[in-house]
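Visitor: Position chain H against the provided structure of chain X, taking the given hints into account.
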Amino acid sequence: GQNIDQPTEMTATEGAIVQINCTYQTSGFNGLFWYQQHAGEAPTFLSYNVLDGLEEKGRFSSFLSRSKGYSYLLLKELQMKDSASYLCAVRRNFNKFYFGSGTKLNVKP
Amino acid sequence: DTEVTQTPKHLVMGMTNKKSLKCEQHMGHRAMYWYKQKAKKPPELMFVYSYEKLSINESVPSRFSPECPNSSLLNLHLHALQPEDSALYLCASSQEKTRQKSYEQYFGPGTRLTVT
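Residue numbers (the numbering used here), protein chains in the order written: chain X, 1027 to 1135; chain H, 56 to 171.
Derived by calculation from the structure, the hints in this document are not laboratory data.
Beta carbons are placed, not taken as given, at the ideal position from N, Cα and C, and that holds for glycine.
Heads up, a few of these hints could be off.
Claimed, not checked - Below, simulated DSS-like cross-link-like pairs (lysine-lysine); rule was C-alpha separation at most 27 angstroms, straight line:
no., chain 1, residue 1, chain 2, residue 2
1, H, K95, H, K108
2, X, K1130, H, K93
3, X, K1130, H, K95
4, H, K77, X, K1107
5, H, K77, X, K1122
6, H, K64, X, K1130
7, X, K1134, H, K95
8, H, K95, X, K1122
9, X, K1083, H, K152
10, X, K1122, H, K64
11, X, K1102, H, K96
12, X, K1122, H, K93
13, H, K152, X, K1094
14, H, K108, H, K64
15, H, K64, H, K77
16, X, K1107, H, K93
17, H, K95, X, K1107
18, H, K91, H, K73
19, X, K1107, H, K64
20, X, K1130, H, K73
Said to hold, decoys possible - Partner residues are not named here, just some residues of chain H that face chain X (Cβ under 8 angstroms, in silico):
no., residue
21, P98
22, L100
23, V103
24, I111
25, S120
26, P121
27, E122
28, K152
29, F162
30, P164
Chain X with its partners taken away, still in its complex shape (with noise of 0.2 angstroms):
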């Protein structure tokens, strides 16, 4: 199996900024890829690296280091459409995809 961690669960407050940590142990890595899930429904796509470094996409940011072996996800100014799980996915070779256990995370007012 793939060693992926996440933190369980969190709380922040709306407006406020949250850091979402993911670990990985894993060989023939080919990128980490950040979904978003409200209960009940699929996985949508928020962000993805493959590189080291940041990439930013509007509210959403994520970060990776592949010799730490560690991403996060950033979501500013949040908002209670964003109280979901959050999923990182470690890509392997040849379409492998393997997911955390996710992140739910609960916006409060």
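Guide: Quick look at chain H alone, frame taken from chain X:
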């Protein structure tokens, strides 16, 4: 069109039944995937098709049989399932990876399967 469709949305079947799940995409993606997701768990990879050929089978029991009739369609044939196979079955598609870029997956809404 960035949509992956799946039918049916819900399926209840007995342990002796044979049924099929269907998935379709028209984005020209050449990689297609089946995942199984239990409640409050992450999606687990089952099968991957690349250019209509099965490239990955994650040691899935033979009671699950995938099929890729063409580049837009992906089926999952079910036979003699067990109650523990009850889950949300997600289909996804993506472009094939190039040297410069890796591509995200687009997920369908899933089929919620209950085995009685």
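Visitor: Which of the numbered hints are not met once you compare them with the structure shown?
Guide: 1, 4, 20, 25, 26 and 27
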